[in-house]
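Participant: Below are the chains, spelled out letter by letter.
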Amino acid sequence: MSQLIIGQLLNGVIVGSLYGIIALGVTLTFGLTGIVNFALGAFMMLGAYATWYLYDVLGWPYVPAVFGAVIAVGIIGYLCDRALFQFTRGNLVNGLLVSIGMISVFEALVLAAFTTTPRDLTYVLPGALHVGGLILPKIKVAVCGVFLAVIFGTYFALTRTWLGRAAFSYAQNPEAAALMGIRTGRLQTIVVVYSTALAGLGGGLYASMYSIDPTIGSGYVLKAVEAAILAGIGSVIGALGGGIILGVSENIGSVFLPSAFRDAYGLVFLIAILLVRPSGLFGDRS
Amino acid sequence: MKYAAPTALLIALFAPLAVHSDSILAIAIYGFMAASLAVSFNLIFGFTGQLSLFHAASFGVSAYIVTILVTAFGWNFWLAVVPALAVVLILSLIVGTICFRFKLKEFYFAVVTMAFSEILRLVILNWNGITNGSLGITVVDRPSLWTPSGAVQISSGIAWYYLTLALLVIVYVVCQRILSSWIGRCLAAIRLNDQLGETLGIDVFKYKLLSFAVGSVLAGLVGAFYGFYSGFVEPHYLSISLGLDIIAMVLLGGVGSLIGPVIGAVILTALPHVIDLSAELRIGLYGSILIFVILVMPKGIVGLLGSRKNAA
Chain A
-15 MSQLIIGQLL NGVIVGSLYG IIALGVTLTF GLTGIVNFAL GAFMMLGAYA
35 TWYLYDVLGW PYVPAVFGAV IAVGIIGYLC DRALFQFTRG NLVNGLLVSI
85 GMISVFEALV LAAFTTTPRD LTYVLPGALH VGGLILPKIK VAVCGVFLAV
135 IFGTYFALTR TWLGRAAFSY AQNPEAAALM GIRTGRLQTI VVVYSTALAG
185 LGGGLYASMY SIDPTIGSGY VLKAVEAAIL AGIGSVIGAL GGGIILGVSE
235 NIGSVFLPSA FRDAYGLVFL IAILLVRPSG LFGDRS
Chain B
29 MKYAAPTALL IALFAPLAVH SDSILAIAIY GFMAASLAVS FNLIFGFTGQ
79 LSLFHAASFG VSAYIVTILV TAFGWNFWLA VVPALAVVLI LSLIVGTICF
129 RFKLKEFYFA VVTMAFSEIL RLVILNWNGI TNGSLGITVV DRPSLWTPSG
179 AVQISSGIAW YYLTLALLVI VYVVCQRILS SWIGRCLAAI RLNDQLGETL
229 GIDVFKYKLL SFAVGSVLAG LVGAFYGFYS GFVEPHYLSI SLGLDIIAMV
279 LLGGVGSLIG PVIGAVILTA LPHVIDLSAE LRIGLYGSIL IFVILVMPKG
329 IVGLLGSRKN AA
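Sequences listed follow chains A and B, in order.
No gaps in the numbering here: position 49 of the first sequence is 33 in my numbering, and each next residue is one more.
No gaps in the numbering here: position 153 of the second sequence is 181 in my numbering, and each next residue is one more.
Keep in mind that the hints were calculated from the coordinates and are not lab data.
Quick caveat: nothing in here was measured; it's all calculated off a predicted structure.
Check the hints yourself; a few may be wrong.
Pairwise CB distance ranges, derived in the manner of DEER restraints [stated by the list, open to error]:
id, chain 1, residue 1, chain 2, residue 2, range
1, A, G43, B, T125, 31 to 39 Å
2, B, F320, A, H114, 52 to 60 Å
3, A, T99, B, A100, 54 to 62 Å
4, A, A162, B, A43, 50 to 58 Å
Chain A regions said to be covered by chain B (calculated; three or more residues, Cβ under 8 Å) [what the hints assert, rightly or not]:
id, segment
5, 93 to 99
6, 105 to 117
7, 234 to 245
8, 250 to 261
C-beta atoms are modelled at their ideal positions from N, C-alpha and C, and glycine is treated no differently.
The whole structure should be built from the sequences, with the hints applied where relevant.
Facilitator: This is the structure in structure tokens:
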């Protein structure tokens, strides 16, 4: 029993870090452009398909395939920002609806190109680690490690570099930031593109663990938004924390309670947090 | 624009005399039901400013309750509508009270209503004994009407056409009466600035809840009929994507106008039949329309038509 629980706990952390990396994109985009980008789920799906295409169809090695996918998704993200998102800055409802419209468009395009048949990547990293009676697939451990490294890397980049401090100052006071010589429009574009690239990375690594189909994104973006709100929008490390809390509560919840309702446990938790502490677990009270 | 609604109703009343095609009739029936959903949603979204994602849940829960009471318990259709609407009313009061008591702002309101809606969908999806899970329930019964010559089953296309048209008229008139009264003015004040409204002595909580409950119950009313016309109910009725379709209809027609959602709903229902598209491309088309409307014509079709004067 205790092994089962520890196993589910670790699974929760692994899934949670995937929620976390998309939640990081949600949080950054919201902080800098004032919209919640639901299309990040679609970008994750695009990243997964791009990785699958480069790796399985064109026969690239896995790591370059993921890099290629991240760059491709980043470029699509840039085009979307120029064509669509730059017109919805600061308008939450419009941004929400435009991003939701984009989910339908991307899903339709991928469906038309690759049909609904689920795709599986040939094993990237077979084998498993045996730790004290627990069996952990190597690939899951590696993926989780990459996610943690990227999230902490982002945190340090935000706190230690000029661009990061510019982003923080913009989130605090856009006008003052502009007066200090920060090119705010470019900053927003960078953040939107970075968020989409993160989602692409999430998708690329997701593809190495699970089979992919055109609808994977919508479920994950909901989880990511839940995680971001749970943590308190605007908190970088909180996005990871929120993701892991969500992943663990789903996995542990389904040990003790009917697993058919695993998606509901996170939702109940989210409603409770929003009502008791609207700024989230790690957010400032304001 | 002032006479747009009565003219449209007049045309709709006599249209079946000229059009005999069954498929056009079916599109009209689905269009009327979608329009009723869109009009009732616009009461909450366009006129009160609350982006509710609970609308599909109200619709689906009511459809399920009526269907189960009729097929499994042998109730009369019209009798079954009463508990269904009561349940929707209670649910919307619970969800509304929680959201509005805690003064959730636009995005958080959308997320919390979506969360409740998803929870209800999961309950219906997994309550196999009663709801038959993901397979849904097939409905063969038809509601009947009492006429002087005895009970008549509503089964022909023409009968459904007038029934759903009546449904749309009821939903439209209820919303129109609410909005043209002082309640409508309170709702407008809440939409524009709820803090200012509160200072002026408007009970913001009460009117938000009123708008949310009335809109949800009207959606429940549509749901009660929908399953009996389409012939089945399934968990997809409560999905977020249905909620988004409704939003697309309202935006296309025109937010904050009564007739706008009707136009948007009829166009979006008819569109896939006019241009023959595969299901996946249709979803993409919906998405593109949504993006296009928001970025290029934020006031929708009504905004384009009525740009000279204020839209009705």
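Participant: Does each hint hold? Answer for all of them.
Facilitator: Now for the hints, and whether the structure bears them out:
Roughly 58 Å separates the CB atoms of G43 of chain A and T125 of chain B, a value that falls outside the hinted 31 to 39 Å. In this structure the supplied range 52 to 60 Å holds for F320 of chain B paired with H114 of chain A, their Cβ-Cβ distance being about 55 Å. As the Cβ distance of T99 of chain A to A100 of chain B is approximately 38 Å, the hint placing it in 54 to 62 Å is violated. Evaluation of the 50 to 58 Å hint for A162 of chain A and A43 of chain B yields a pass: the beta carbon distance comes to about 57 Å.
Closer than 8 Å: that is the beta-carbon criterion, and the segment 93 to 99 of chain A has 3 residues meeting it against chain B, so the requirement of 3 holds. Remark: the segment 105 to 117 of chain A is not confirmed as covered by chain B, as 0 of its residues place a Cβ nearer than 8 Å to a Cβ of that chain, below the required three. For a cut-off of 8 Å, the count of residues in the segment 234 to 245 of chain A with a CB near a CB of chain B stands at 3, and the three-residue condition holds. Coverage of a stretch by a chain is defined here by at least three residues with a beta carbon nearer than 8 Å to that chain's beta carbons; for the segment 250 to 261 of chain A and chain B the count is 6, and the condition holds.
Checked against the numbered hints above, the structure violates hints 1, 3, 6; every other hint is satisfied.
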